[in-house]
Amino acid sequence: RKEVEQDPGPFNVPEGATVAFNCTYSNSASQSFFWYRQDCRKEPKLLMSVYSSGNEDGRFTAQLNRASQYISLLIRDSKLSDSATYLCAVNPYTGRRALTFGSGTRLQVQP
Amino acid sequence: NAGVMQNPRHLVRRRGQEARLRCSPMKGHSHVYWYRQLPEEGLKFMVYLQKENIIDESGMPKERFSAEFPKEGPSILRIQQVVRGDSAAYFCASSPPRAGPTDTQYFGPGTRLTVL
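Chains U and C are the protein sequences, given in the same order. Everything in the first sequence is counted per this note's numbering, starting at 8 for the first residue and increasing by one. Everything in the second sequence is counted per this note's numbering, starting at 311 for the first residue and increasing by one.
Among these hints, one or two may not hold up.
To be verified - Quick list of in silico lysine-lysine cross-link-like pairs, DSSO-like style, CA-CA up to 27 Å:
hint	chain 1	residue 1	chain 2	residue 2
1	C	337	U	52
2	U	9	U	52
3	C	372	C	361
4	U	9	C	337
5	C	361	C	337
6	C	354	U	52
7	C	381	C	337
8	C	381	C	361
9	C	354	C	337
10	C	361	U	86
11	U	86	U	52
12	U	49	C	337
13	U	49	U	86
14	U	9	C	381
15	C	361	U	52
16	C	354	C	372
17	C	372	C	337
Read the hints as simulated data drawn from the structure, not as lab findings.
Next up, chain U with everything else stripped away, as it sits in the complex (with noise of 0.2 Å):
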């Protein structure tokens, strides 16, 4: 079983939508959580990080669910410009700042 697993997609949603995307991760001890965007032949960029309260910025709203372990990302009223690869980064490991990736899941909203 991978460290980290996400639904590669590709989800493609109608703009205006919502869409949901899990991450499952294996070390029960991971200790932070985040989600990076990363467009095409770019650089991950920091979407959110993912609190044990859950967490909301503007259209986005991330959630940690410690007892079935996963993490969650929703986007609401999706754009067109929301099209990317998400991924999902784990810190599984005590005392070690490594963050393990998920392979990422790809977004397309379309018009």
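Got chain U sorted already, so can you dock chain C onto it with the hints?
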């Protein structure tokens, strides 16, 4: 407020040559991380460094790859005797001093290495 800087952005090498990739962290950051992204794959951690120290190199291949972060100047990822399988995007990230495991890593634009 410059972000993480990497150069060159594109690097072409022939098999057997050496590749040197440079990374300057964000101003005020003293932790540097190198990741590699193979085509159609996710990012894989390679090495974590602080000034003059390698802290975690658990993701580095055992041979041909080395990294340093000298007291002065950028961090360098060095690949000796490159092979075609080294073709990838190499991303550097940085985080601030006294950062902990929950602190955010900010990525540079990457170096795309092509081995002919």
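Hints versus structure:
no., hint, verdict
1, C/337 x U/52, "18 Å, holds"
2, U/9 x U/52, "23 Å, holds"
3, C/372 x C/361, "22 Å, holds"
4, U/9 x C/337, "35 Å, violated"
5, C/361 x C/337, "14 Å, holds"
6, C/354 x U/52, "16 Å, holds"
7, C/381 x C/337, "15 Å, holds"
8, C/381 x C/361, "6 Å, holds"
9, C/354 x C/337, "25 Å, holds"
10, C/361 x U/86, "42 Å, violated"
11, U/86 x U/52, "18 Å, holds"
12, U/49 x C/337, "21 Å, holds"
13, U/49 x U/86, "19 Å, holds"
14, U/9 x C/381, "37 Å, violated"
15, C/361 x U/52, "24 Å, holds"
16, C/354 x C/372, "15 Å, holds"
17, C/372 x C/337, "31 Å, violated"
In terms of the numbered hints stated before, the structure departs from hints 4, 10, 14 and 17, listed from lowest to highest.
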